[in-house]
Amino acid sequence: MTTPIIPLAEAVGRFVKDGQTIAMEGFTHLIPFAAGHEVIRQRRKDLTLVRMTPDIIYDQLIGMGCAAGLVFSWGGNPGVGSIHRFRDAIENGWPRPLAIQEHSHADMAGRYQAGASGLPFSVLRGYVGSDLPKHNPNIRTIACPFTGERLAATPALNPDVAIIHAQRADREGNVLIEGIVGIQKEAVLAARAAIATVEEIVDDLAAPMNACLLPHWVLSAVCPVPNGAHPSYAHGYYGRDNAFCKAWDGISREREGFTEWMEKHVLGTKDHAQFLRSAGIAVPERAGAAHA
Amino acid sequence: MPDDAGLQYSATEIMTIEAARRLKNGMVCFVGIGMPSAAANLARLTHAPEVVLIYESGTIGAKPDVLPLSIGDGELAEHADTVVSIPEIFRYWLQGGRVDVGFLGAAQVDRFGNINTTVIGNDYAHPKVRLPGAGGAPEIASNAKETWIVIKQTKRSFVPKLDFLTSVGHLTGGDSRAKSGARGKGPTAVITDLGVMAPDPVTRELTLVALHPGITVERVREATGWELKVADELGRTAAPDAKELATLRDLQARTARAHGSLANE
Numbered sequence: 019m020t021t022p023i024i025p026l027a028e029a030v031g032r033f034v035k036d037g038q039t040i041a042m043e044g045f046t047h048l049i050p051f052a053a054g055h056e057v058i059r060q061r062r063k064d065l066t067l068v069r070m071t072p073d074i075i076y077d078q079l080i081g082m083g084c085a086a087g088l089v090f091s092w093g094g095n096p097g098v099g100s101i102h103r104f105r106d107a108i109e110n111g112w113p114r115p116l117a118i119q120e121h122s123h124a125d126m127a128g129r130y131q132a133g134a135s136g137l138p139f140s141v142l143r144g145y146v147g148s149d150l151p152k153h154n155p156n157i158r159t160i161a162c163p164f165t166g167e168r169l170a171a172t173p174a175l176n177p178d179v180a181i182i183h184a185q186r187a188d189r190e191g192n193v194l195i196e197g198i199v200g201i202q203k204e205a206v207l208a209a210r211a212a213i214a215t216v217e218e219i220v221d222d223l224a225a226p227m228n229a230c231l232l233p234h235w236v237l238s239a240v241c242p243v244p245n246g247a248h249p250s251y252a253h254g255y256y257g258r259d260n261a262f263c264k265a266w267d268g269i270s271r272e273r274e275g276f277t278e279w280m281e282k283h284v285l286g287t288k289d290h291a292q293f294l295r296s297a298g299i300a301v302p303e304r305a306g307a308a309h310a
Numbered sequence: 050m051p052d053d054a055g056l057q058y059s060a061t062e063i064m065t066i067e068a069a070r071r072l073k074n075g076m077v078c079f080v081g082i083g084m085p086s087a088a089a090n091l092a093r094l095t096h097a098p099e100v101v102l103i104y105e106s107g108t109i110g111a112k113p114d115v116l117p118l119s120i121g122d123g124e125l126a127e128h129a130d131t132v133v134s135i136p137e138i139f140r141y142w143l144q145g146g147r148v149d150v151g152f153l154g155a156a157q158v159d160r161f162g163n164i165n166t167t168v169i170g171n172d173y174a175h176p177k178v179r180l181p182g183a184g185g186a187p188e189i190a191s192n193a194k195e196t197w198i199v200i201k202q203t204k205r206s207f208v209p210k211l212d213f214l215t216s217v218g219h220l221t222g223g224d225s226r227a228k229s230g231a232r233g234k235g236p237t238a239v240i241t242d243l244g245v246m247a248p249d250p251v252t253r254e255l256t257l258v259a260l261h262p263g264i265t266v267e268r269v270r271e272a273t274g275w276e277l278k279v280a281d282e283l284g285r286t287a288a289p290d291a292k293e294l295a296t297l298r299d300l301q302a303r304t305a306r307a308h309g310s311l312a313n314e
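Sequences listed follow chains U and X, in order.
Quick note, the numbering used here runs 18 ahead of the 1-based positions in the first sequence.
Quick note, the numbering used here runs 49 ahead of the 1-based positions in the second sequence.
Honestly, the hints are just simulated from the structure, not real lab data.
Treat the hints with care, since some could be wrong.
Under the rule of at most 27 Å between Cα atoms (straight-line distance), these lysine-lysine pairs were calculated in the DSS-like manner [stated by the list, open to error]:
(1) X:Lys234 x U:Lys152
(2) X:Lys234 x U:Lys264
(3) X:Lys112 x U:Lys264
(4) X:Lys228 x U:Lys152
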């Protein structure tokens with residue numbers, strides 16, 4: 019058995035449904051932007067979005083009304099500032115109210131780990147003195163059965179679908195992640211279904227023995243999408259598009275300008291390659307890129 | 050502001066330099082993005098070449114040639130001793146008690162060094178301003194052996210009461226932090242563009258212990274939202290020397306060239 023290598027639109031159509039809990043992960047690296055755009059293009063709605071670090075792609079999903087809820091630990095446009103659609107949804111309920119469930123990074127990581135491990139909850143030495151547990155009923159306290167020490171406990175995260183981006187896959191659908199690996203392995207293993215978009219499909223991954231590799235049999239679909247992480251980066255392929263990240267601040271500041279941009283470049287295009295052309299984006303090459 | 054040798058420097062530069070000076074060679078430092086990252090790397094490039102910089106993206110022993118824009122820039126992974134997963138960085142390395150100092154920024158800080166990075170306005174459900182949120186800070190603040198906070202000092206950032214307590218400092222003062230279950234000493238220094246504050250040994254209230262060159266007690270009080278305590282023996286921060294300034298400016302210039310105009314904003 020191998021994992022189907024299929025177009026992104028087909029994978030999203032088959033696995034992502036309205037009302038589901040969806041985690042698109044990537045810790046400032048390998049963020050699955052193309053997949054997020056496809057979810058918007060297919061007009062999915064009432065999603066509960068999960069992400070440690072919601073940034074531009076979640077800003078877009080929220081601003082386009084795809085999300086009913088957000089589970090997260092840090093929301094912003096790294097190096098630039100606020101994400102305006104996320105703020106508008108929380109501060110003013112536009113385009114619809116967003117039910118937030120807020121954690122810390124250590125806790126989100128633990129919740130995914132518990133989900134990946136088949137455990138009901140995660141335990142951590144966290145939130146001491148913090149107001150966060152007052153506003154998130156999922157953050158509770160537990161006594162260590164051995165020492166009696168009070169620790170924080172939160173339920174396992176098991177998204178319906180995890181979506182990640184990686185450098186490459188082989189023809190069986192084994193996926194290799196290099197550089198900052200983030201939380202993607204845990205998100206995939208915690209989820210009921212998982213889609214990986216990749217820069218390219220190769221004959222041989224030539225993965226080092228201890229590489230971060232997802233075997234094809236834990237993935238539901240693998241989709242080749244070159245530049246699929248733009249404007250974030252893919253280590254070894256291309257750099258972060260800082261100019262776009264900065265431009266996003268202006269594009270997203272007002273509701274009308276945002277909506278117009280999204281309609282033209284995301285809803286008005288059929289795939290990621292067309293999107294990049296439409297939005298006039300030249301993906302920045304990276305010095306020493308192995309596969310430019 | 051000119052010092053005795055006639056060097057010109059900005060308020061941000063003296064803040065970054067004074068924060069960097071505290072980092073001792075060989076210390077293990079969990080670094081927040083922005084000003085803490087600038088200070089930690091300045092220390093590495095000057096007096097503390099063997100400082101171990103950990104970023105929450107999983108990079109241990111990071112040695113970036115230019116300052117990262119995000120906490121997960123490829124630059125951090127490129128030269129790191131090792132890159133680990135997010136669960137590992139928070140479990141083995143932070144909660145495992147391996148971090149000497151957590152270097153944090155904040156939107157608001159109170160008189161006990163508690164931090165807010167969550168919301169402005171006192172209604173969490175309907176905030177005046179929604180801030181990015183906690184990130185790694187709550188567990189850095191409660192698991193590092195000590196923490197330092199770098200923040201520009203104004204009445205808006207130094208508030209009598211936080212709109213939201215995101216990450217713990219000395220809680221309500223006295224022994225309240227120790228009783229809370231938090232580990233480590235908590236904030237031992239708050240370094241601003243005006244001076245340095247440290248907790249009183251008994252009450253744990255932040256006390257002005259040093260002024261930057263050219264700054265008066267009056268000026269610091271005006272930038273503090275509560276009646277700021279001042280140490281009996283008030284120190285004076287040394288003005289930046291030529292090497293500190295040149296190294297910081299080279300770093301900022303390299304960063305600006307690498308990132309375009311973003312780095313200057």
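Checked hints:
In summary, the hint linking lysine 234 of chain X to lysine 152 of chain U is supported, as the alpha carbons are separated by about 25 Å, within the 27 Å threshold. Taking the CA atoms of lysine 234 of chain X and lysine 264 of chain U, the gap is near 38 Å; set against the 27 Å cutoff, the hint is violated. Taking the CA atoms of lysine 112 of chain X and lysine 264 of chain U, the gap is near 25 Å; set against the 27 Å cutoff, the hint holds. With a CA separation close to 19 Å, the supplied pair lysine 228 of chain X and lysine 152 of chain U stays within the 27 Å bound.
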